[in-house]
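Using the sequences plus the hints, can you model the full thing?
From first to last, the protein sequence lines stand for chains A and B.
Mapping of the first sequence onto our numbering: residues 1 to 175, in sequence order.
Mapping of the second sequence onto our numbering: residues 1 to 300, in sequence order.
Keep in mind that the hints are not guaranteed to be accurate.
Not the full set, but computed from the structure, chain B residues with beta-carbon under 8 Å of chain A [what the hints assert, rightly or not]:
no. : residue
1   : Q49
2   : A55
3   : Q56
4   : L153
Think of the hints as simulated: they come from the structure by calculation, not from any bench.
Glycine included, C-beta positions come from ideal geometry on N, C-alpha and C.
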Amino acid sequence: MKLKIAVCVALAVLLQTTLRHFLHGLVFVDLPLIVVTYFALRRDVVMALVVGCVAGLATDSFSGALLGANGFSKTLIAYLIAALVTRIMLDNPLARIPVIAGAAALDATVLFLLHQIMGQRPMPPFVETMAYKLIGTTVAGTFIFYLLDRFFSDRARTRRQFAFRRRAARRLMRR
Amino acid sequence: MVTLTQREIRQRAPLWLIGLLVLNVGLMAFSAHQDGDINRPRVLQVWVQALFSPAQGAVSGVGGSLGGGLRHLGKLNHAATENETLKRRLAEMETELRAAHTARDENERLKNLLGLQEKNDYKNVPARVIARDPSEWFNTVLLNRGSSSGVQLNMPVVTPDGIVGRVIGVSPWTAQVLLLTDERAAAGAVVGQLGASNALGAVRGLGRNGLLEMRYVSGLEPVKLGDYVLTTGQDGIYPQGLNVGEVVEFREGSATQPHEIKVKPSARLNALEEVAVLLYHPPPRTPPTETLPNLDKGKK
Chain A
1 MKLKIAVCVA
11 LAVLLQTTLR
21 HFLHGLVFVD
31 LPLIVVTYFA
41 LRRDVVMALV
51 VGCVAGLATD
61 SFSGALLGAN
71 GFSKTLIAYL
81 IAALVTRIML
91 DNPLARIPVI
101 AGAAALDATV
111 LFLLHQIMGQ
121 RPMPPFVETM
131 AYKLIGTTVA
141 GTFIFYLLDR
151 FFSDRARTRR
161 QFAFRRRAAR
171 RLMRR
Chain B
1 MVTLTQREIR
11 QRAPLWLIGL
21 LVLNVGLMAF
31 SAHQDGDINR
41 PRVLQVWVQA
51 LFSPAQGAVS
61 GVGGSLGGGL
71 RHLGKLNHAA
81 TENETLKRRL
91 AEMETELRAA
101 HTARDENERL
111 KNLLGLQEKN
121 DYKNVPARVI
131 ARDPSEWFNT
141 VLLNRGSSSG
151 VQLNMPVVTP
161 DGIVGRVIGV
171 SPWTAQVLLL
181 TDERAAAGAV
191 VGQLGASNAL
201 GAVRGLGRNG
211 LLEMRYVSGL
221 EPVKLGDYVL
231 TTGQDGIYPQ
241 GLNVGEVVEF
251 REGSATQPHE
261 IKVKPSARLN
271 ALEEVAVLLY
281 HPPPRTPPTE
291 TLPNLDKGKK
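Right under this line is the structure:
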């Protein structure tokens with residue numbers, strides 16, 4: 001499971017840095033943030049924190065941003081979502097939409113503020129960029145959550161286990 | 001081995017949070033301190049980049065082929081019209097080329113007369129852009145060539161159209177480039193030809209519309225829209241005479257106020273695919289204090 005999560009995070013960072021090269025609009029879809037939000041919604045706080053920190057630091061490595069800025073913001077977001085999900089039921093796909101939107105807005109705000117505090121000035125107009133990022137990440141996130149559910153949800157795990165048992169049973173019957 | 005209950009894990013989560021946040025703040029402070037000095041390499045970043053570079057190269061290659069194919073298909077519609085336009089332009093260019101050949105011959109004759117030597121072109125390392133900055137806030141790209149190919153920190157990166165930026169991080173197999181459109185990037189530049197124009201200044205990224213801002217150009221110097229901007233070679237990064245872009249916005253200054261100039265970069269920075277890293281080492285500079293004529297007197 002841990003390996004799967006690591007692959008998922010690495011894939012998100014890899015696609016985030018390469019896909020923008022072909023379609024500029026994809027810069028407003030924050031794939032690592034979507035992955036962090038997804039794992040934070042799975043109620044394992046410590047895992048969410050680690051995933052947030054690693055995904056953030058990996059993103060920072062490819063960015064002109066300060067090393068640790070994305071790490072800080074994504075760790076914080078992971079904790080807040082993981083804390084929220086213990087109090088509110090967020091298993092419904094519709095209920096997740098505002099969570100992704102909130103995470104995107106908070107991520108942009110925290111990043112912007114951190115750079116201001118550290119004496120660096122991120123370039124584009126803040127509100128415009130945050131709005132685009134919020135829309136892009138929320139729309140893409142809703143679909144990606146559906147895809148991730150197919151691999152990571154409890155129901156998917158049960159389905160895979162039963163598929164294995166069914167295959168084994170079929171083999172036995174053939175013999 | 002101690003197994004923790006969910007409740008215990010949840011109780012310890014704030015400690016993990018504080019620990020990780022402190023780690024990130026520490027890294028940020030270190031990184032902010034490092035960014036102040038352009039000669040310091042971004043150690044941690046470049047090694048992570050190097051780790052990811054094979055996968056990025058593969059994804060970039062596959063995506064590039066697919067994207068290129070689709071773009072070509074889309075462009076077929078315009079090909080016929082473009083062909084006609086190009087034929088007309090070719091005829092015009094041939095006339096201009098003849099004039100240019102005459103001017104070049106004349107130039108060579110005059111240079112020979114003056115005993116000037118033709119300057120050597122700089123060696124360069126061709127490279128491919130394999131990744132771009134994951135955020136909209138900053139403008140950096142990752143190249144598939146690093147220190148093993150001779151790339152070093154602060155080397156200029158160019159395309160045939162003009163300058164792109166400078167190298168800010170190098171691993172053995174990758175190099176991170178800060179594009180000229182980033183607000184932290186700048187280059188010494190002149191409007192028109194160096195030697196023929198006194199409109200000297202510095203271009204730096206604006207971030208908006210992919211334009212550059214040219215500062216400190218005296219309000220008394222003649223500048224007009226469409227003028228080309230070249231590097232001066234005085235910034236210690238870019239060699240002299242490289243194309244930067246052309247003036248697209250201009251508000252005239254006065255004797256006390258510099259011109260307000262916006263420059264459109266000649267290199268297509270939003271659609272970079274192949275670039276070249278110039279293996280250029282700027283001439284060493286003597287600190288000004290060492291050249292003062294009465295320095296020894298002061299010591300005595």
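Comparing the hints with the structure gives:
Given hint, Q49 of chain B at the interface with chain A, holds; its Cβ is 6 Å from that chain's nearest Cβ, closer than 8 Å. Checking A55 of chain B against chain A by beta carbon gives a least distance of about 6 Å; that is within 8 Å, so the hint holds. Because the smallest distance between the Cβ of Q56 of chain B and any Cβ of chain A comes to about 5 Å, under 8 Å, the interface hint for this residue holds. For L153 of chain B, the shortest C-beta to C-beta distance to chain A is roughly 15 Å, which exceeds 8 Å, and the interface hint is violated.
Hint check: a violation occurs at hint 4 only; the rest are consistent with the structure.
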